[in-house]
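Generate the whole structure from the sequences, applying the supplied hints.
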Amino acid sequence: GAVVSQHPSRVICKSGTSVKIECRSLDFQATTMFWYRQFPKQSLMLMATSNEGSKATYEQGVEKDKFLINHASLTLSTLTVTSAHPEDSSFYICSAPEFSSGRPDTQYFGPGTRLTVL
Amino acid sequence: AQSVTQLGSHVSVSEGALVLLRCNYSSSVPPYLFWYVQYPNQGLQLLLKYTSAATLVKGINGFEAEFKKSETSFHLTKPSAHMSDAAEYFCAVTPSGGYQKVTFGTGTKLQVIP
Chain A
1 GAVVSQHPSR VICKSGTSVK IECRSLDFQA TTMFWYRQFP KQSLMLMATS
51 NEGSKATYEQ GVEKDKFLIN HASLTLSTLT VTSAHPEDSS FYICSAPEFS
101 SGRPDTQYFG PGTRLTVL
Chain B
1 AQSVTQLGSH VSVSEGALVL LRCNYSSSVP PYLFWYVQYP NQGLQLLLKY
51 TSAATLVKGI NGFEAEFKKS ETSFHLTKPS AHMSDAAEYF CAVTPSGGYQ
101 KVTFGTGTKL QVIP
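The listed protein sequences correspond, in order, to chains A and B. For the first sequence, the residue numbers in the numbering used here are 1 to 118. For the second sequence, the residue numbers in the numbering used here are 1 to 114.
Keep in mind the hints are simulated off the structure, nothing from the lab. Take every hint as true, because none was put in to throw you off.
Derived lysine to any residue pairs resembling SDA-like cross-links, with alpha carbons at most 25 Å apart:
id, chain 1, residue 1, chain 2, residue 2
1, B, LYS58, A, SER43
2, B, LYS101, A, LEU46
3, B, LYS101, A, ASN51
4, B, LYS101, B, ASN24
5, B, LYS69, B, SER3
6, A, LYS41, A, GLU22
None of these values were measured; they are calculated from a predicted model.
Written out as C-alpha cells, the structure reads:
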C-alpha cells in the first residue's frame, strides 16, 4: 500500500513556542490530506482537510489561527501549532487518500507525532 | 451524515479463541468501510476495507469482515487469536467516492490472554 510519513515522530516544547509537523506522501501524490488529533485512550478526531494550492478546511471548534496548515506541494502538508500550550499535547496523525481506478479509495495514515508541551 | 458504533471498548479473548469485534454503521449514502489497527504510540494500519465489491472482505494477519447491509454491520473476525493481535482496533466509514473524510468509531481494545 501507499506510504505516508510524518516528521518528527516525537517533539517536546515549551509553552508559548510553535511546532511544525510535516506529513509526506512518499510514493503517490496527494492533493488532499487530513489532519487528526487523538487524545489518550480516545478515537481520532478530524481537525482539518488540507488542500494543495488552496486554504485548508477546518472542522467546527478547531482554531484555524492556532493550527496553521500549509499544503505547499502534492506530497507535503504541514501543521504548525502556534503558541502551544499544555492542552495542545496530543498525538497528531495525518492521512492521505490513495486513488484506485481514478477514485479515492483508502486513507493511508502516517505514523503520528507525539507532541508534549511543557 | 455518517457514523460508526463499536460495541465494547474492551474485548478479552484467550489465545487461540475466536476474535469478534463489532461495528455498526450509519450512512445516508453507500459507504466504504474500513478496519484499522493501532499499536501503542503508532499510527493506524489498514487491516481491510469494503468498497462495494465482495461483501466478505479478507485482510491482513488472518482478519476478515463481512458487510451486511440489512444489519448495517461490518464486524471484524479472526478464527484464532494470537498474542500479537493485542492492540486497539478502529472501525471507520466514509461515503463512497470523492475526497471524503473518514469518521472513526471510538475503538475497541483487544486483550489476548495466554
